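Protein chains in written order, with my numbering: chain A, 34 to 206; chain B, 34 to 206.
Treat the hints as calculated values from the structure; they're not laboratory data.
As the structure is a computational prediction, the values presented were derived from the model and not from experiment.
Take these hints with a grain of salt, some might be off.
The calculated label-pair distances, taken between Cβ atoms and stated as ranges, are [what the hints assert, rightly or not]:
| # | chain 1 | residue 1 | chain 2 | residue 2 | range |
| --- | --- | --- | --- | --- | --- |
| 1 | A | P189 | B | E180 | 38 to 46 angstroms |
| 2 | B | T199 | A | D138 | 16 to 24 angstroms |
| 3 | A | D56 | B | D166 | 42 to 50 angstroms |
| 4 | B | D139 | A | G186 | 20 to 28 angstroms |
| 5 | B | D154 | A | S37 | 44 to 52 angstroms |
| 6 | A | E40 | B | G149 | 47 to 55 angstroms |
| 7 | A | A60 | B | S165 | 21 to 29 angstroms |
| 8 | B | D150 | A | T199 | 22 to 30 angstroms |
| 9 | A | D137 | B | A62 | 40 to 48 angstroms |
From the three backbone atoms N, C-alpha and C, an ideal C-beta is built for every residue, glycine too.
As a plain string of letters, each chain reads:
There are 2 protein chains.
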Amino acid sequence: MATSNIEDFEKGNAAFVEAFDQDTTGALAIPPQRKALVLACMDARLHPEKVLGLEIGDAHVVRNAGGRASADALRSIAISQRLLGTQEVVVIHHTDCGMLTFKDDDIRSKIRDELGDSAGDAADGIAFLPFSDLEASVKADIRIIKEAAIVDGDVPVHGFVYDVTTGRLNPVN
Amino acid sequence: MATSNIEDFEKGNAAFVEAFDQDTTGALAIPPQRKALVLACMDARLHPEKVLGLEIGDAHVVRNAGGRASADALRSIAISQRLLGTQEVVVIHHTDCGMLTFKDDDIRSKIRDELGDSAGDAADGIAFLPFSDLEASVKADIRIIKEAAIVDGDVPVHGFVYDVTTGRLNPVN
Numbered sequence: 034m035a036t037s038n039i040e041d042f043e044k045g046n047a048a049f050v051e052a053f054d055q056d057t058t059g060a061l062a063i064p065p066q067r068k069a070l071v072l073a074c075m076d077a078r079l080h081p082e083k084v085l086g087l088e089i090g091d092a093h094v095v096r097n098a099g100g101r102a103s104a105d106a107l108r109s110i111a112i113s114q115r116l117l118g119t120q121e122v123v124v125i126h127h128t129d130c131g132m133l134t135f136k137d138d139d140i141r142s143k144i145r146d147e148l149g150d151s152a153g154d155a156a157d158g159i160a161f162l163p164f165s166d167l168e169a170s171v172k173a174d175i176r177i178i179k180e181a182a183i184v185d186g187d188v189p190v191h192g193f194v195y196d197v198t199t200g201r202l203n204p205v206n
Numbered sequence: 034m035a036t037s038n039i040e041d042f043e044k045g046n047a048a049f050v051e052a053f054d055q056d057t058t059g060a061l062a063i064p065p066q067r068k069a070l071v072l073a074c075m076d077a078r079l080h081p082e083k084v085l086g087l088e089i090g091d092a093h094v095v096r097n098a099g100g101r102a103s104a105d106a107l108r109s110i111a112i113s114q115r116l117l118g119t120q121e122v123v124v125i126h127h128t129d130c131g132m133l134t135f136k137d138d139d140i141r142s143k144i145r146d147e148l149g150d151s152a153g154d155a156a157d158g159i160a161f162l163p164f165s166d167l168e169a170s171v172k173a174d175i176r177i178i179k180e181a182a183i184v185d186g187d188v189p190v191h192g193f194v195y196d197v198t199t200g201r202l203n204p205v206n
């Protein structure tokens, strides 16, 4: 087992608290200032706020493996739109994504081999949502969001591929 | 419909690209340097990387409405652990969370009223995962992660409540 990062995270948070402005940042209301929601991959090299120039309070950020429009992402988008007033969605996938490197059967076998048969049986029933074409995956997720019953059909949905080697967001049209 | 943010986001990205170091940041490998995964709420006031002092490349970040251990979050955690070597999970919920302000029936009615009956019918089948007690929701999600078949049972799972008025992470034990 790795040494825990918790001490470092607590030190990182102490420095953040030291610089935190309670009168401005600490007084922000719940609804995102820019009325936007970003759906992005969990990848460690993609910090959506930095990449888009978002300040604290600007936008909802939903992230998962791949930045996929999963049922859970749609749940989050519906809550964001109906209860907190967001009116725009930005989908960000990225180059060199781990989701390009495997198929469902690969991770199911790996789970069975490393965690045992009951884990393997559970994994056999799960779609892990890998993909083989970046632009196609962005387009597929935009379509899922636009067509989802619980998502507002009038809200624009934009797509980008983030290049992890240059920091650049390339639009997907 | 709101004016689109896209022009501003593209300007924000251009500034980010300008400052991006391709030799260091651009050369990072896929696996998170700190072998950690953070599961946090999508709230606009919670920037997990800033709050924890995470650099680009340090950790996977999974986010959804509430920072809940949904089936999709477990999918992401399994991919992170089995394919990309993370060995620690940090769950972050936060004060003044939107998820404290409604029940499933409230959002289902709102979706039906604002998006129509077919949207309402779809919403009736969805658990939106609101909660009424912050520490209890963190503990519940830690338990779900620890007990999930597809998650490595030996991996430590830590919990925090982020105070949006002070920037402080308060541990949940």
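These are the hints, each one checked on the structure:
A hinted range of 38 to 46 angstroms for the beta carbons of A:P189 and B:E180 is consistent with their spacing of about 40 angstroms. At roughly 47 angstroms, the beta carbons of B:T199 and A:D138 sit outside the given window of 16 to 24 angstroms. Range check, A:D56 to B:D166: about 29 angstroms between beta-carbon atoms, so the 42 to 50 angstroms window is missed. The hinted window of 20 to 28 angstroms between B:D139 and A:G186 holds, with their beta carbons roughly 22 angstroms apart.
Distance hint check for B:D154 and A:S37: the Cβ-Cβ separation is about 46 angstroms, which falls inside the suggested range of 44 to 52 angstroms. Restraint check, A:E40 to B:G149: a C-beta distance of roughly 51 angstroms satisfies the suggested window 47 to 55 angstroms. For the pair A:A60 and B:S165, the beta carbons lie near 25 angstroms from each other, so the given range of 21 to 29 angstroms is met. At about 47 angstroms, the beta-carbon gap between B:D150 and A:T199 misses the expected band of 22 to 30 angstroms.
Distance hint for A:D137 and B:A62: a CB-CB separation of about 24 angstroms, inconsistent with the stated range 40 to 48 angstroms.
Hint check: violations occur at hints 2, 3, 8 and 9; the rest are consistent with the structure.
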